[in-house]
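K.L.:
Single-letter residue listing:
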Amino acid sequence: MDIHPGRLAFVARTAKRYNGRSPHRFWRASLSAIAFPTPDPAILARRDAIVAGLARLVPPECLVTKEDERRAFETDALTAYRRVPLAVVLPRNTAEVAAVLAFCHGEGVKVIPRGAGTSLSGGAIPQEDAVVIGVSKMNRILNVDYANRTALVEAGVTNLSISDAVMPDGFFYAPDPSSQLACTIAGNIGMNSGGAHCLKYGVTTNNILGVKMVLIDGTVVDIGGQALDPAGLDLLGLIVGSEGQLGIVTEATVRILRLAEGARPVLFGFDSSEAAGECVAAIIGAGIVPVAMEFMDKPAIEICEAFAKAGYPLDVEAMLIVEVEGSDVEMEIQLARIVEIAKRYGVKVVKESRSAMETALIWKGRKSAFGATGRVADYICMDGTVPTGQLPYVLKRTGEIVAGYDLRVANVFHAGDGNMHPLILYNVNDPHEQAKAEAAGNDILRLCVDAGGCLTGEHGVGIEKRDLMRHQFSDVDLAQQMRVRAVFDRQWLLNPAKVFPLDGREAA
Amino acid sequence: MTLAPTNEAQAADFIRGARVARQTLTFEGGGTRTGFGRPMQTDGTLSTRLMTGITLHEPAELVISARAGTPVAELEAALDAKGQMLPFEPMDHRAIYGGLGEPTVGGIVACAASGPRRIQAGAARDLLLGVRLVNGEGEVVKSGGRVMKNVTGLDLVKLNCGAHGTLALITEATFKVLPKVERTVTLVIEGLDDQQAMRAMTAALGSPFSVSGAAHLPAGVGAGSARTLLRLEHFRDSIDYRAGELTKLLMPFGRAGRIEESGSRDLWRCVRDVTFFAEPYDDAIWRVSVAPTHGPAVVAALRQAQLPFRYFFDWGGGLVWLACAMHDDAGAQAIRAAVGGDGHATLIRGSEDLRARVDVFQPLDPALMKITSAIKASFDPDRILNPGRMYAGV
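Residue numbers (the working numbering), protein chains in the order written: chain U, 14 to 521; chain C, 6 to 399.
Keep in mind that a hint or two might mislead.
With a straight-line cut-off of 35 Å between C-alpha atoms, the simulated DSBU-like cross-links for lysine-lysine are [unchecked claim]: (1) U:Lys150 / C:Lys375; (2) U:Lys356 / C:Lys147; (3) U:Lys449 / C:Lys375; (4) C:Lys375 / U:Lys409.
Derived coverage of chain U by chain C (criterion: at least 3 residues anywhere in the stretch with Cβ under 8 Å from a Cβ of chain C; other residues may be distant) [unchecked claim]: (5) 291-304; (6) 334-347; (7) 400-408; (8) 461-468.
I should point out that these hints are in silico values taken from the structure, not numbers from a laboratory. Using N, Cα and C, we set each Cβ at its ideal position, and we do this for glycine too.
Isolated chain U (complex conformation):
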């Protein structure tokens, strides 16, 4: 059975990138296009008393107070921005999370929930007057229930460890973000993470049935469970993707699915990105929904091939990886249909995987895209989603926008659902280039919204896209969202500087 073994090998190698610690080679950006709120001097002045209060709630090994140790939590995968938090608590269980939150609530101290710190949108970046609550010590799989096809896990388990635990029995957990070796279910729930295979299997919100969550005042609530629909309002749907602003999730009931009999990718090389984009739309239009449909342009192909030696064609302008699942016969039939369509769009190279080894290599190349790009340049990764019919246009405009800023871009993304990831390459040691890269990124995200899409498909708004929210939403839309947010956190203590523009919050 050749099921995505490539996923495992690659991530091990690039895990370091995501370990939540500062890569010290990076220049500490003082220039900040994205604003942080001014730290509350009253909280800073009470730091010692707050730390002493926390020390009464958790044992010393769960509390990080020394500055050099706190610095390890100053940023996430959006490394251009960093703030050292007041303190870091790493609770061992729900009761400790509840005690810490109740304390912070009572003291009026802001709280930054943190999983593994792999957020690309700055969702876990702290602020100086806030306490980070990390769930990394809560990393047990509590129960696997094959009959009901669910697993009960603590929120700090890594995404991949769930699949690892159930794969010997032929099951897997479907959402598969590139950072899956490191990222936690807590973070996946916060950002409603996706991955390459969610074209068929859906994103996090479609694969979670229940959570145990601690509210800001320390109240513990159980929402959902093993049943397939909610009692009352769909609060679970609201919580998934809420970016740690409604509470801290400590346990989750996730769906596990039976692996297909087999999976096989095919590579297509095209002479133009437009032709590749049209081929994507034609495959879906023909009534075929592959498991995954990934796009790479020439710069991305070159970077990934140099790193992974995956056998990607280097003489094409764009490449698609299309994966189908099923029995051998079923895969043959589907691939034949797909190849037929690709031919109509002038496909130049067709390369079907013929072995588990080839399949692993093909996915290794794709999944190492971010890591491999990081070896050749600094980059910011956009995450806008557009209607698939708009892909050719948006790709063309993206190239023009980035060229207009005198920068380079590599495109690698989930084409089947229109979720684009332009990687804008720049030099982080050059403040002028960083500003240009951010400006180009903002232009691209506005383009995505204008083309009928949205700012973020799977990375979340975080701080990165916060100030663009008014381009997608009216003030009325945002005010309604903020009123719902306030139901859970009236004082804006939970991850407060994220998602919503800093101005205009009072109006809600």
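Place chain C on chain U using the hints.
P.N.:
Below, chain C without anything else, positioned relative to chain U:
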């Protein structure tokens, strides 16, 4: 008083007007589900029947949008013409309510009317990409959009799916759609008891063959002997292979027969719409949602409680439909005791009197009830929209 706005702006005007006049409103689409929820006494009705039409259909993007009053039949016909379908197989409640109207797009969203395919293709909320709403202040609010992946801002889409119009009026909805089923086959095993059937369904759902329906009809429900149904829907070419493999897998439970195409479709329509319990009309109908393996235990516990009832299972055992006489509390207490903590029971059909006396929706834990009330207030501060439809005071 019945208001029938022709567009969203007018609907917003009407709701603002109602708020100023301190009038409460009942929302209505095609009127096929008026028996769903707690009885309400409101000052007026706002009907979406004139807010109709498909506003977007991009077959190559697997997406369709329609105004709330659009008949589901119109949506399905448009999809069918392009070889597509609504994946979540929305339940049509007319069989059990005996209504004459047309189910609408707004109705299936408000009621989160997911059918048998929920186990494989997802629920209504999973396929709902975006909504446009009018809240209780008469403001037009949009959430989500038309793309498959979207985590921009709080997800008010799912929050409004299944909120029964208690938060806002849904004016337009956008769905992800899928290619139409090319062929359908149902494997049938006869004569299993509930536990055996649950194990057979569990084996099938834990197989790699993409089972898209798993129901158990005990003896007397639709036929003289018990039938366990397992549906396969896929590409024409792969059905025979999958059916063969699944038949082998199910051998320990008995020899599986096959029902093809229209026979399969008709059978699953009855499962979806609970047609088996349509009559007698004075029976109460309950919908119980639990962990799939817990379904038979709920039924066993009810037998202990000496409550005469009929039942069948969908969703591999996770959805239990119950019918019982409407006297006393129509089994409310016994059913909720049998369900226990990890699951819920909803009274789907009952007289107004019964629905006023018993909790129609599962009573919530106090902390969750508090959140529910506060969310209601955040959308509808004066409680004018479908007040009390789900919970008293909400």
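K.L.:
Decide, hint by hint, whether the structure agrees.
P.N.:
Checked hints:
1. U:Lys150 / C:Lys375: 31 Å, holds
2. U:Lys356 / C:Lys147: 40 Å, violated
3. U:Lys449 / C:Lys375: Violated - the C-alpha atoms of Lys375 (chain C) and Lys449 (chain U) are around 47 Å apart, more than 35 Å.
4. C:Lys375 / U:Lys409: 50 Å, violated
5. 291-304: Check passed, 7 qualifying residues.
6. 334-347: holds (count 6)
7. 400-408: holds (count 3)
8. 461-468: holds (count 4)
Violation of the numbered hints given earlier is confined to hints 2, 3 and 4; the remaining hints are satisfied by the structure.
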